[in-house]
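In case you want the letters, here they are:
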Amino acid sequence: SQTIHQWPATLVQPVGSPLSLECTVEGTSNPNLYWYRQAAGRGLQLLFYSVGIGQISSEVPQNLSASRPQDRQFILSSKKLLLSDSGFYLCAWSSLGVSTEAFFGQGTRLTVV
Amino acid sequence: GQNIDQPTEMTATEGAIVQINCTYQTSGFNGLFWYQQHAGEAPTFLSYNVLDGLEEKGRFSSFLSRSKGYSYLLLKELQMKDSASYLCAVFNDYKLSFGAGTTVTVRA
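Those protein sequence lines, which keep their order, are chains A and B. Under the working numbering, the first residue of the first sequence carries the number 1, and numbering increases by one thereafter. Under the working numbering, the first residue of the second sequence carries the number 1001, and numbering increases by one thereafter.
The set of hints was computed from the structure by calculation and includes no laboratory data. Remember, it's a predicted structure, so these values are computed and weren't measured experimentally. Note that beta-carbon positions come from the ideal geometry of N, C-alpha and C, so glycine has one too. There's no promise every hint is true.
Computed footprint of chain B on chain A, listed as stretches where at least three residues anywhere in the stretch have a Cβ under 8 Å from a Cβ of chain B [unchecked claim]:
hint, segment
1, 10-19
2, 30-43
3, 61-70
Facing chain B, a subset of chain A residues (Cβ under 10 Å, in silico) [as the list claims (entries may be wrong)]:
hint, residue
4, His-5
5, Gln-6
6, Trp-7
7, Ser-86
8, Leu-90
9, Ala-92
10, Glu-101
11, Ala-102
Bound-form chain A, shown alone (with noise of 0.2 Å):
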């Protein structure tokens, strides 16, 4: 079966600091992942997404950046983060070309101080 990690949980940042966040998915080949930011009591905007290794869409400008440098997995990362990226980051998976549901990691909860 396949499952989907994300770590860390929780994580508190100063601003100006770099942010690394990292999912990986078992169980499945050649998945779409995406990266989700969900601000509190708001929907998710969508971040980036990415078909294959390597190949990384952006949806909105912003201070962050993906890379996906393995087949399952994913990296969000930031060099210097500020207030405004505090959220709840979600990062998901779902077959490539085929419409299927998308399975969510637990969410990484960002607080910048």
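Start from chain A and add chain B according to the hints.
Showing chain B alone in chain A's frame:
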């Protein structure tokens, strides 16, 4: 671009039925999803529609009309644990885009 609209809040009584509407205008369409999200948790899958019509899963049903860009999620026999946010999401061109979510509050 993507435009996915759903009501912000709804309140209903335990045991009742609630219908959450979702309208969408997207550049493509490969399916529509409904997710449930409890506060502080990740969304969990409820239903998926790609063809017009009604899909039923226990107390939850979802309807889709592609020509109208419209879907609804029907929750029957409401329970207190159904109090949550319900997210409508459209899948197209490998992207899964979400509406802002509808917060449903179930009262005793």
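Going through the hints against the structure:
1. 10-19: violated (count 0)
2. 30-43: The restraint on the segment 30-43 of chain A holds, since 5 of its residues have a Cβ under 8 Å from chain B and three suffice.
3. 61-70: violated (count 0)
4. His-5: The hint is violated - His-5 of chain A has no Cβ within 10 Å of chain B, the shortest such distance being about 12 Å.
5. Gln-6: Holds: closest Cβ of chain B sits about 9 Å from Gln-6 of chain A, inside 10 Å.
6. Trp-7: Since the shortest Cβ distance to chain B is 13 Å, the answer is violated.
7. Ser-86: Nearest chain B Cβ about 14 Å off; hint violated.
8. Leu-90: Since the shortest Cβ distance to chain B is 6 Å, the answer is holds.
9. Ala-92: Since chain B brings a Cβ to about 7 Å from Ala-92 of chain A, closer than 10 Å, the hint holds.
10. Glu-101: This interface hint holds because 4 Å falls under the 10 Å limit.
11. Ala-102: It holds, given that the least Cβ distance between Ala-102 of chain A and chain B is near 5 Å, below 10 Å.
Hint violations for this structure: numbers 1, 3, 4, 6 and 7, all remaining hints satisfied.
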